[in-house]
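Enquirer: For the record, the sequence lines run as chains A and B.
The opening residue of the first sequence carries number 1 in the UniProt record's numbering; numbering runs sequentially from there.
The opening residue of the second sequence carries number 1 in the UniProt record's numbering; numbering runs sequentially from there.
Don't read these hints as lab results, they were simulated from the structure.
Treat each hint with caution, since some may be false.
To be verified - With a straight-line Cα cutoff of 20 Å, these simulated SDA-like cross-link-like pairs (lysine to any residue) come out:
#: 1; chain 1: B; residue 1: K245; chain 2: B; residue 2: E177
#: 2; chain 1: A; residue 1: K140; chain 2: B; residue 2: S73
#: 3; chain 1: B; residue 1: K99; chain 2: A; residue 2: S289
#: 4; chain 1: A; residue 1: K343; chain 2: B; residue 2: P104
#: 5; chain 1: B; residue 1: K343; chain 2: A; residue 2: I102
#: 6; chain 1: A; residue 1: K99; chain 2: B; residue 2: P346
#: 7; chain 1: A; residue 1: K343; chain 2: B; residue 2: N284
#: 8; chain 1: B; residue 1: K343; chain 2: A; residue 2: G103
#: 9; chain 1: A; residue 1: K146; chain 2: A; residue 2: D172
#: 10; chain 1: A; residue 1: K154; chain 2: A; residue 2: K140
#: 11; chain 1: A; residue 1: K140; chain 2: B; residue 2: K99
#: 12; chain 1: B; residue 1: K343; chain 2: A; residue 2: E292
#: 13; chain 1: B; residue 1: K99; chain 2: A; residue 2: D251
#: 14; chain 1: A; residue 1: K99; chain 2: B; residue 2: Q101
#: 15; chain 1: A; residue 1: K126; chain 2: A; residue 2: E147
#: 16; chain 1: A; residue 1: K146; chain 2: A; residue 2: R105
#: 17; chain 1: A; residue 1: K264; chain 2: A; residue 2: S289
#: 18; chain 1: B; residue 1: K99; chain 2: A; residue 2: Q151
#: 19; chain 1: A; residue 1: K154; chain 2: A; residue 2: Q328
#: 20; chain 1: B; residue 1: K312; chain 2: A; residue 2: P336
#: 21; chain 1: A; residue 1: K99; chain 2: B; residue 2: P344
#: 22; chain 1: A; residue 1: K99; chain 2: B; residue 2: K312
#: 23; chain 1: A; residue 1: K343; chain 2: B; residue 2: P344
#: 24; chain 1: B; residue 1: K343; chain 2: A; residue 2: W100
#: 25; chain 1: A; residue 1: K312; chain 2: B; residue 2: S337
#: 26; chain 1: B; residue 1: K154; chain 2: A; residue 2: S289
#: 27; chain 1: A; residue 1: K146; chain 2: A; residue 2: Y299
#: 28; chain 1: B; residue 1: K140; chain 2: A; residue 2: H98
#: 29; chain 1: B; residue 1: K312; chain 2: A; residue 2: P139
#: 30; chain 1: B; residue 1: K343; chain 2: A; residue 2: I41
#: 31; chain 1: A; residue 1: K343; chain 2: B; residue 2: A293
#: 32; chain 1: B; residue 1: K99; chain 2: A; residue 2: K154
#: 33; chain 1: A; residue 1: K304; chain 2: A; residue 2: T221
#: 34; chain 1: A; residue 1: K99; chain 2: B; residue 2: T94
Unchecked claim - Below, a sample of chain B positions facing chain A; criterion: calculated Cβ distance under 10 Å:
#: 35; residue: P49
#: 36; residue: V53
#: 37; residue: F66
#: 38; residue: S74
#: 39; residue: I102
#: 40; residue: R105
Because the structure is a prediction, the values reported are computed rather than measured.
Note that the Cβ used here is the ideal one computed from N, Cα and C, for glycine as well.
Number of protein chains: 2
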Amino acid sequence: MHKVSGFFLCFICLPLLSFFSSNPGYSQEIAPDKVKTIFGIVPKVAENPSNPVTPEKVNLGRYLFFEPRLSKSSKISCNSCHSLANSGVDGLPTSIGHKWQIGPRNAPTVLNAALEFTQFWDGRAKDVEEQAMGPMLNPKEMASTKELVVQRLKSIPQYVEMFKKAFPDETDPVSFENAAKAIAAFERTLITPSRFDRYMDGDLSALSPEEKEGLKTFIQTGCISCHNGTGIGGGMFQKFGLVHKVSWLQDLGRFEVTNNPADKYVFKVPSLRNVAKTAPYFNNGHTWSLEEAVKTMGYVQLGKNLTDEEVKKIVSFLGSLSAEPPLQVTLPNLPPSTPQTPKPMP
Amino acid sequence: MHKVSGFFLCFICLPLLSFFSSNPGYSQEIAPDKVKTIFGIVPKVAENPSNPVTPEKVNLGRYLFFEPRLSKSSKISCNSCHSLANSGVDGLPTSIGHKWQIGPRNAPTVLNAALEFTQFWDGRAKDVEEQAMGPMLNPKEMASTKELVVQRLKSIPQYVEMFKKAFPDETDPVSFENAAKAIAAFERTLITPSRFDRYMDGDLSALSPEEKEGLKTFIQTGCISCHNGTGIGGGMFQKFGLVHKVSWLQDLGRFEVTNNPADKYVFKVPSLRNVAKTAPYFNNGHTWSLEEAVKTMGYVQLGKNLTDEEVKKIVSFLGSLSAEPPLQVTLPNLPPSTPQTPKPMP
């Protein structure tokens, strides 16, 4: 397992933290190459050797991402809860699915999700390929079945052609697993560089003075214990409420997957890329304000009472993690159903 | 009122019909300029002098079209039922709205809607500007209120800026009516030329021989009595079941708006542009097959039992009305909410 304890992390980050707090040459400006060692610049595409990202697969995946016929009702697509017009989220505390059922957890953004070390809040899927299958089959989400998905797709000649092109070496390319693979390949292209990457790449003007102050505070406060790597998070599990209990937290998190008592209240550390645009926050969308979310994290994870000034600076830095240039997604033109296509079941 | 009786129409079209059936020079090839007199080539933009289509307004309208915060739940946008990935429809018999309520009528495509002489199946809105207000306020659809829409929009600085630019001469530009005007302006750009327009413009190779046969059949059968003009429909009201009663029809149509007994079962004649991609058909999505829909129309409207061959030809022609080049819509990047933004109410 990839699980890393809080202690272990602090052990890793300690040298970095002490570097930044003790280095006499370190004042306002943080050397981008040092920052890059903590985080790293996003790749153009989050590659996966076992699911190569080809143009044909990405194109098919884009169609399927917007395809409501993958759901039982033919109403809900991936994009319904991971809206690419809305930074990859639905902006709701927890999502609305089949027959308006309200789900238990906040829909994480699909942007940069492929960079994360595991998928879902509880890490029950190892990558986006495995993740993409989940919502289609979840009775509270798209409420479909593998058979229904395949039947619908096979009934539409344009999709059959697209699957053949995306999986040219397979004898039966239209499969549930390949649908998920194509969606995942598309998601692997949904990587959003930001001004922060330009900064790490050496462009000192990419961050404002306040954002640089915020970055320093983010590092020195210890946020980087968990929020590190190219995703600025998304690289480990962590207990929510490591130092102080989270009063409203009911969700047992990863424990529900492993049944290991040590995993109670443990969640994947979310990526902070685009965080300024993906409210509300936390596993159940409990908190709408990014300021409040930062303050909460400082207290329950690090045992620190951050001042309003520190919070303001950190939030300012987090704003530099929003996609820039803005993500440009062109809608597909979904092919029509045929008489063989199973009808919507709302 | 724009209502035109079936008799009056036949009177108008008779000379054209007799021209096509008696003209000795008329065999397979129909002279495009004659065809153009019945239909007409779509404009690039469906202008409205009282709501000028400016780039700023169209851009704002594109944002608002995809904006779920216009709905009470913050889940449903215009695009939810008029999906621009799906030829402007949801592909359901009747739409699913707030709290999964199932509406009474089939969602018509938003593509080319601005070309039609009136809006909604029953013509209760005179243009897309008026139409755009309806779903936001309908308790079964987006279930919002004017106040909530304005409160949400005014709470988001980026929208305030965009409204100022779209309505530069107004002192209080962020209004419910202006939101509808902006959405309408965007819709006025959702015009989809097709191969049929190229044909009418003189490119004889734009239609296949079977499609030309279908066009001839479409004209000679009398479909053009109602389906004429640039929308190939969308220009008049008509009783559904003019000659023969429609066995399954319950909806009283325009009667519900006017209370005039003559308006029972009267509906707006829908545009046939993109019809091959906007199943299911009729006011309640009763019929999934375009062949069946054509056969039904021939019988109940014209009293004709079309042969399978005739139906096939007409359907072939109708396929030439699909958008070409395909519509290319780039998603907006919706601005984040602020602490002042009223929360979702699912």
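Enquirer: Now look at each hint and say whether the structure bears it out.
Expert: Now the hints, each set against the structure:
Straight-line distance between C-alpha atoms of B/K245 and B/E177 comes to about 40 Å, which puts the hinted pair past the 20 Å bound. Using a Cα cut-off of 20 Å, the hinted pair A/K140 and B/S73 holds, with the two alpha carbons roughly 18 Å apart. Restraint check for B/K99 and A/S289: not satisfied, since their Cα atoms lie roughly 26 Å apart, outside the 20 Å limit. For a cut-off of 20 Å, the pair hint linking A/K343 to B/P104 stands: about 18 Å separates their Cα positions.
A C-alpha spacing of about 16 Å is found between B/K343 and A/I102, which places the hinted pair at or below 20 Å, so the restraint holds. Between A/K99 and B/P346, the direct Cα distance comes to roughly 12 Å. Compliance with the 20 Å bound is thereby established for this hinted pair. With a C-alpha separation of about 15 Å, the suggested pair A/K343 and B/N284 falls inside the 20 Å cut-off, and the hint holds. A C-alpha spacing of about 17 Å is found between B/K343 and A/G103, which places the hinted pair at or below 20 Å, so the restraint holds.
Proposed proximity of A/K146 and A/D172 is supported: the alpha carbons are some 15 Å apart, at most 20 Å. At roughly 25 Å between alpha-carbon atoms, A/K154 and A/K140 are farther apart than 20 Å, so this suggested pair is violated. Pair hint A/K140 plus B/K99 holds up; C-alpha atoms about 14 Å apart against a cutoff of 20 Å. Annotation: proposed proximity of B/K343 to A/E292 holds, straight-line Cα distance about 16 Å (limit 20 Å).
Between the alpha carbons of B/K99 and A/D251 the distance comes to roughly 25 Å, so the proposed pair goes past 20 Å and is violated. Annotation: proposed proximity of A/K99 to B/Q101 holds, straight-line Cα distance about 9 Å (limit 20 Å). Restraint check for A/K126 and A/E147: the C-alpha separation of about 23 Å exceeds 20 Å, so the hint is violated. Distance check on the hinted pair: A/K146 and A/R105 sit about 23 Å apart at the alpha-carbon level, beyond 20 Å; violated.
Proposed proximity of A/K264 and A/S289 is contradicted: the alpha carbons are some 26 Å apart, above 20 Å. Proximity of B/K99 to A/Q151 is assessed by CA-CA distance (about 28 Å); at most 20 Å being required, the pair is judged violated. Pair hint A/K154 plus A/Q328 does not hold up; C-alpha atoms about 30 Å apart against a cutoff of 20 Å. Proposed proximity of B/K312 and A/P336 is supported: the alpha carbons are some 17 Å apart, at most 20 Å.
A C-alpha spacing of about 18 Å is found between A/K99 and B/P344, which places the hinted pair at or below 20 Å, so the restraint holds. With a CA separation close to 38 Å, the supplied pair A/K99 and B/K312 exceeds the 20 Å bound. Proposed proximity of A/K343 and B/P344 is contradicted: the alpha carbons are some 31 Å apart, above 20 Å. Pair hint B/K343 plus A/W100 holds up; C-alpha atoms about 18 Å apart against a cutoff of 20 Å.
Simply put, A/K312 and B/S337 have alpha-carbon atoms about 18 Å apart, close enough for the 20 Å limit, and the pair holds. Straight-line distance between C-alpha atoms of B/K154 and A/S289 comes to about 18 Å, which keeps the hinted pair within the 20 Å bound. Taking the CA atoms of A/K146 and A/Y299, the gap is near 44 Å; set against the 20 Å cutoff, the hint is violated. This hinted pair checks out: B/K140 and A/H98 have alpha carbons roughly 17 Å apart, not beyond 20 Å.
Between B/K312 and A/P139, the direct Cα distance comes to roughly 40 Å. Violation of the 20 Å bound is thereby established for this hinted pair. At roughly 34 Å between alpha-carbon atoms, B/K343 and A/I41 are farther apart than 20 Å, so this suggested pair is violated. Between the alpha carbons of A/K343 and B/A293 the distance comes to roughly 17 Å, so the proposed pair stays at or under 20 Å and holds. For the hint pairing B/K99 with A/K154, the CA-to-CA distance comes to about 31 Å; that exceeds 20 Å, so the pair is violated.
Only pairs whose Cα atoms come within 20 Å are accepted, and A/K304 paired with A/T221 is accepted, the gap being roughly 8 Å. Restraint check for A/K99 and B/T94: satisfied, since their Cα atoms lie roughly 15 Å apart, inside the 20 Å limit. Because the closest C-beta pair between B/P49 and chain A is about 30 Å apart, greater than 10 Å, the hint is violated. A least Cβ separation of about 21 Å between B/V53 and chain A goes past the 10 Å threshold, and the interface hint is therefore violated.
Satisfaction of the interface hint for B/F66 is found here, the shortest Cβ-Cβ separation to chain A being roughly 4 Å, below the 10 Å cut-off. Taking 10 Å as the C-beta contact cut-off toward chain A, the hint placing B/S74 at the interface holds, the least distance being around 6 Å. Look at B/I102: its Cβ gets to within about 7 Å of chain A, closer than 10 Å, so that hint holds up. The criterion of a C-beta within 10 Å of any C-beta in chain A is not met by B/R105, whose closest approach is roughly 15 Å, and the hint is violated.
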